[in-house]
Amino acid sequence: MLSGLAAAGAGVLAAPHVRAQAGARIVVVGGGFAGASCARALGREAGNLAVTLVEPNARYTACPFSNAVIAGLREMDGQNFGYEALRRTGVDVVTARVVAVDAETRRVRLEDGASLDYARLVLAPGIDLDLGAIPGYDAAAAAVLPHAWKAGEQTLLLRRQLEAMADGGLVVIAAPANPFRCPPGPYERASLIAYYLKARKPRSKLIILDAKDAFSKQRLFEAAWTELYGGLIEWVPLSGGGRLTAVDAATRTLTTEFGSHRAAVANVIPPQRAAAVAVAAGVADRTGWCPIDPVTFESRLRPGIHVIGDAAIAGAMPKSAFAADAQAKACARAVAALVRGREPDEPKLINTCYSLVAPDYGISIAGVYQPRGGLLAEVEGAGGVSPIKAPPSFRAVEATYAMAWFRTITDGIFG
Amino acid sequence: MSGRTHRTGVAARASRRGLAVAALLWAAVPALARTAHPGDAAACGGCHAPASAGEVPDLRGRPPAEVVAAMRAFRSGERPATVMDRIAKGYSDEEIRAIAAWVTAPPGEAERPTQP
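First to last, the protein sequences are chains A and B.
In case it helps, our numbering puts the first sequence at residues 1 to 415.
In case it helps, our numbering puts the second sequence at residues 1 to 116.
Chain B with its partners taken away, still in its complex shape:
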């Protein structure tokens, strides 16, 4: 298993100390539990893509701030939705900013490597 199991941060410390401690740490500091990254947005492509244009918006090329504002409004309930209200509630501000940057990347860039 080369190259595996060298996670850092809370999750790695927790896994070394066992699940009971992990549960405590997660419960105590949920906001510090993970760092947002562009991969968080990969699942968005299940619905938001060029082929969906018309019913579900294609977000590529849109201003990231627009997506940030929409996600926050979905999360607060201020903006009505069918499903985005339920999904937005699962994301922190930091994660929303990371997602917005990724899903608004102009056409073509989505096919580029997602890791530097």
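This is chain A alone, in the form it adopts within the complex:
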């Protein structure tokens, strides 16, 4: 840690001298799919930009496919990525936490007291879980009832709990209201846990307590659940009493307006908001998320600060890794144009989200987006979900594409 900070400090001091010919300094905060992709894309843009990526963790643990880790279908090693390749492309990767952003002087301050000046700042901080939104669900409760909504130790905790559970146990997944990271994620998770239970603990049951009445790829998920898992999965919508009103970690009891469920394993996915640094920078509004210009991703609240990925209010675009990468590249283009005093191009963006219902059964949702009415709106007539009726070979190909996507996107950003 000390050597990391020392190196970071040296990089900050040396940069103006070493890079005498360098163009404007762009600071990117957050080394996930959005931030790391944007830093890499900025390095490819004209103008010889000096790109600094600030990320508190020395390596990144990816969320996509972490549901497969929970179900024992994949190991955690495959989720972890380092920043060495990004450094080799010329990005100055600083392992530190940002504690303050001054939009007036265009300066970010790091935990160790160092500061970085920027011509433009890109915030890609991801989400914070709102521990306090559900009575009884605080940090201590999350150590018993994992959210597993940030991949890492929480992912492995949920997996160990499922492995330790006796056959016949009740697994409960509590899903939040919109908006939240990875809209199909809770339902993919339910599917893959059901796959595990069916094979290993077939007398068990899984209940999804949902704070909403509809969810992403719903018809596809529900059809697949019937086809693959019989009555193992029960989905309780908001109108059926699905919204949590309280949890009790000691007894693993989840309470709703209609009753309570005592779980053997409970996965509570709480409401979310843009991560704290977005609030510190003044770019989050009262919703907890960050309003942006759909062409440049520049904050509606603080000039010179751009927000991409899960923290942004990206209109119709979901909070997905694919969307984060697409936004990152479009934002990099816009930032490079702006520092050169040029007019940014209007972006046209794509999202494709795959979900695994079983290891060889993939489904997807796709969309094409462009700025309209101040937001990123869906291009009408495009996008949509996989066909509701399709042969097993179609589902198998989509499962293959899901894996291929993960390899491609992580290689493009971290490889």
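Source of the hints: derived by calculation from the structure; they are not laboratory data.
There could be a bad hint or two in this list.
Unchecked claim - Computed Cβ-Cβ distance ranges for the label pairs, DEER-style:
1. 73(A) <-> 101(B): 36 to 42 Å
2. 342(A) <-> 65(B): 50 to 56 Å
3. 65(B) <-> 219(A): 33 to 39 Å
4. 77(B) <-> 114(A): 54 to 60 Å
5. 66(B) <-> 139(A): 52 to 58 Å
6. 48(A) <-> 35(B): 22 to 28 Å
7. 92(B) <-> 143(A): 32 to 38 Å
8. 65(B) <-> 341(A): 33 to 39 Å
Beta carbons: idealized from backbone N, C-alpha and C, even for Gly.
Chain A is fixed; fit chain B onto it per the hints.
For chain B alone, coordinates are given in the frame of chain A:
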């Protein structure tokens, strides 16, 4: 906010006149609403890249006309697909030509600056 908010064309005129007018303009002349540019293809790299070779084709070095033909066939439904049919429907002929030129750029060129 130096260097910002000097967009031209329909979008800029619309933003000056307010959202209601913007909506009308967008509805009336969708085809004139934007100009295609190579950045449109940036999101394609989420799936089409060297690391994907095998399942999803790496398009670099392929003839642009081949990609144009494929996209048009996906869009019309003439060529079966899992997801490309849904994506291709979001693009005009002009955008497809711009995308095809960018995604077929030979290896190495993708790392070059994308703005002149």
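Each hint tested on the structure:
1. 73(A) <-> 101(B): 36 to 42 Å: holds (40 Å)
2. 342(A) <-> 65(B): 50 to 56 Å: With a Cβ separation near 31 Å, residue 342(A) and residue 65(B) fall outside 50 to 56 Å, so the hint is violated.
3. 65(B) <-> 219(A): 33 to 39 Å: holds (38 Å)
4. 77(B) <-> 114(A): 54 to 60 Å: holds (56 Å)
5. 66(B) <-> 139(A): 52 to 58 Å: holds (54 Å)
6. 48(A) <-> 35(B): 22 to 28 Å: holds (27 Å)
7. 92(B) <-> 143(A): 32 to 38 Å: Because 52 Å falls outside the window, the suggested range is violated.
8. 65(B) <-> 341(A): 33 to 39 Å: holds (36 Å)
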